[in-house]
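*Asks:* Protein sequence lines correspond, in order, to chains C and Y. Mind the numbering: the first sequence is residues 1 to 298 in UniProt numbering, read in order. Mind the numbering: the second sequence is residues 1 to 298 in UniProt numbering, read in order.
Check before you lean on any hint, since a few could be wrong.
[What the hints assert, rightly or not] DSS-like, lysine-lysine: derived pairs with alpha carbons at most 27 Å apart:
(1) C:Lys181 x Y:Lys258
(2) Y:Lys243 x Y:Lys80
(3) C:Lys258 x Y:Lys243
(4) Y:Lys80 x Y:Lys7
(5) Y:Lys181 x Y:Lys258
(6) C:Lys39 x C:Lys181
(7) Y:Lys181 x Y:Lys243
(8) Y:Lys45 x C:Lys258
(9) Y:Lys258 x C:Lys243
(10) C:Lys258 x Y:Lys7
(11) Y:Lys181 x Y:Lys45
(12) C:Lys243 x C:Lys258
(13) C:Lys25 x C:Lys45
(14) C:Lys80 x C:Lys39
(15) Y:Lys243 x Y:Lys292
Treat the hints as calculated values from the structure; they're not laboratory data. Here the structure is a predicted model, which means the values were calculated and not measured.
Protein chains: 2
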Amino acid sequence: MTFIVDKLVVLGVGLIGGSLAKACKERGLAREVVAWGRKEVNLQKAVDLGVVDRYELDLAVAVESADVVFIATPTLIAEKMLAQLAPLVGAETIITDGASVKGNLYRAAQRIFGQVPANLVLAHPIAGSEQSGVEAANAELYVNHRVILTPTVETSAQAEETVRQLWQGCGAEVVSMDVDKHDRVLAATSHLPHLLAYSLVDALAQQDCSYEIFDNAAGGFRDFTRIAASDPQMWHDIVLANKEAVLSMMDGFTDQLKVLRQDIAEGNGDDIMASFERAQQARNHFSEILLKRQQGKQ
Amino acid sequence: MTFIVDKLVVLGVGLIGGSLAKACKERGLAREVVAWGRKEVNLQKAVDLGVVDRYELDLAVAVESADVVFIATPTLIAEKMLAQLAPLVGAETIITDGASVKGNLYRAAQRIFGQVPANLVLAHPIAGSEQSGVEAANAELYVNHRVILTPTVETSAQAEETVRQLWQGCGAEVVSMDVDKHDRVLAATSHLPHLLAYSLVDALAQQDCSYEIFDNAAGGFRDFTRIAASDPQMWHDIVLANKEAVLSMMDGFTDQLKVLRQDIAEGNGDDIMASFERAQQARNHFSEILLKRQQGKQ
């Protein structure tokens with residue numbers, strides 16, 4: 001069997017790190033998969049569940065002669081992991097990650113390393129689950145899911161290719177994108193919708209008739225607010241890490257809503273219709289994109 | 001077999017009217033179900049599909065000696081139907097409807113009839129489908145769905161009871177609610193979420209990177225924006241018919257979002273966490289309500 005990498009080290013064995021580790025083990029992508037983390041009970045569980053081969057509690061020992069180090073900690077902690085890794089890993093080690101925001105890590109790398117290392121390949125697997133923790137680690141999690149790599153001018157083509165092969169080996173569809181564009185696109189499709197869902201549910205829960213509101217809501221409301229059940233800490237980290245793009249998308253949305261509010265207040269039926277029709281068309285177009293993407297995979 | 005009503009007349013045989021008609025026929029709730037509408041081809045189709053027993057093109061003939069007249073036209077047209085019915089139906093005929101907003105019809109009835117008739121029982125079945133038209137009429141559409149009756153001080157208890165029995169006969173769970181409360185609750189759970197979904201998709205479609213946005217969006221975005229594929233004309237009618245409550249809910253939401261925007265801009269992590277946690281708890285509470293409601297039905 002030809003491994004893509006010899007030694008893969010996963011920092012943090014939650015859903016994201018654990019699933020990559022398990023996929024790499026099961027699919028023979030790495031000769032050895034080593035976990036590092038703070039809670040030994042979790043690391044032992046990762047070994048017991050066959051998610052990793054072994055674990056280390058000392059970061060320096062864990063990453064020694066690693067080919068690839070995958071940072072799979074929460075978003076804001078990932079910045080700190082970069083700082084801890086800086087004195088420990090050599091230039092030959094590829095550092096990559098799975099965090100939802102890329103700009104904050106890129107800027108952290110600039111601060112920490114002075115010059116951003118050629119072997120730093122920031123990446124974002126767009127996959128998740130309502131479950132979390134090492135017990136939820138799933139070797140199939142990334143199959144047919146998109147992974148966005150955000151190489152920069154500093155990035156080595158070879159390092160990027162290795163990370164791409166790892167993800168493709170896990171069954172993912174890999175694309176590359178500029179750091180800023182990634183953060184704007186994700187602010188639009190993921191971060192802003194989460195903020196709207198959280199704000200809506202929080203606003204309604206504070207209404208006088210909140211009992212009747214939730215008691216009479218139906219399936220459309222359930223779909224619309226599902227993401228408000230997401231992990232608050234994770235989304236707290238994400239919106240702060242991607243502050244600039246998130247605020248810009250919030251403002252664009254608020255402006256749009258303000259126009260619609262005025263149209264409703266003034267009874268401008270034609271403008272209301274035009275906005276709803278544009279949205280319906282765009283939504284149907286999006287459905288077609290999703291459908292084609294799914295068909296392309298089969 | 002004991003019928004609840006002798007002659008049921010359905011004005012408009014789309015999804016809502018056609019499904020009630022078909023359920024009343026199949027379940028033997030009405031001795032005769034008559035359709036009225038503008039397009040004869042649709043009315044004939046309703047007969048061919050077994051949705052109604054027969055149809056009339058003349059409204060006066062259709063509603064003659066009707067026990068119950070069900071207005072199942074689009075929201076804004078329902079107001080006009082009330083005006084057309086006023087000179088045609090006697091005090092013994094129950095008039096009811098299935099529109100999504102109740103306050104505009106109540107006020108229309110005040111204008112049209114002077115005193116709101118005792119036999120006017122406004123109602124709102126909270127059921128729908130992505131399909132529409134008489135072909136989509138489904139006798140099971142209302143099974144286990146909620147129907148909100150909005151009786152007023154003028155409403156006859158007997159008329160309300162007849163309408164309740166019809167809906168219960170169709171398998172629906174019937175509750176009663178004040179007109180204003182209904183319109184506020186629906187503005188919160190249904191009308192505002194539709195406005196947010198339409199605005200979000202419309203705003204994103206206008207972004208420079210709209211292709212990348214839709215191309216990289218995943219399942220959460222699909223769920224969140226599903227309702228933006230809804231019929232623009234129907235939602236245009238609803239937001240204009242329920243203007244006051246909709247604007248009030250929009251403003252409450254916008255205020256909430258403004259606070260969150262400031263917290264993000266200023267990096268107030270604790271406040272962001274508190275808002276997300278409140279929302280997550282409320283959303284989980286709502287999930288339990290929905291689950292209990294579904295279990296109660298089984």
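*Asks:* Each hint should be assessed against the structure and marked as holding or not.
*Replies:* Verification of the supplied hints:
no.: 1; hint: C:Lys181 x Y:Lys258; in the structure: holds, 25 Å
no.: 2; hint: Y:Lys243 x Y:Lys80; in the structure: holds, 18 Å
no.: 3; hint: C:Lys258 x Y:Lys243; in the structure: holds, 15 Å
no.: 4; hint: Y:Lys80 x Y:Lys7; in the structure: holds, 22 Å
no.: 5; hint: Y:Lys181 x Y:Lys258; in the structure: holds, 26 Å
no.: 6; hint: C:Lys39 x C:Lys181; in the structure: violated, 35 Å
no.: 7; hint: Y:Lys181 x Y:Lys243; in the structure: holds, 14 Å
no.: 8; hint: Y:Lys45 x C:Lys258; in the structure: violated, 43 Å
no.: 9; hint: Y:Lys258 x C:Lys243; in the structure: holds, 15 Å
no.: 10; hint: C:Lys258 x Y:Lys7; in the structure: violated, 48 Å
no.: 11; hint: Y:Lys181 x Y:Lys45; in the structure: violated, 38 Å
no.: 12; hint: C:Lys243 x C:Lys258; in the structure: holds, 22 Å
no.: 13; hint: C:Lys25 x C:Lys45; in the structure: holds, 16 Å
no.: 14; hint: C:Lys80 x C:Lys39; in the structure: holds, 17 Å
no.: 15; hint: Y:Lys243 x Y:Lys292; in the structure: violated, 32 Å
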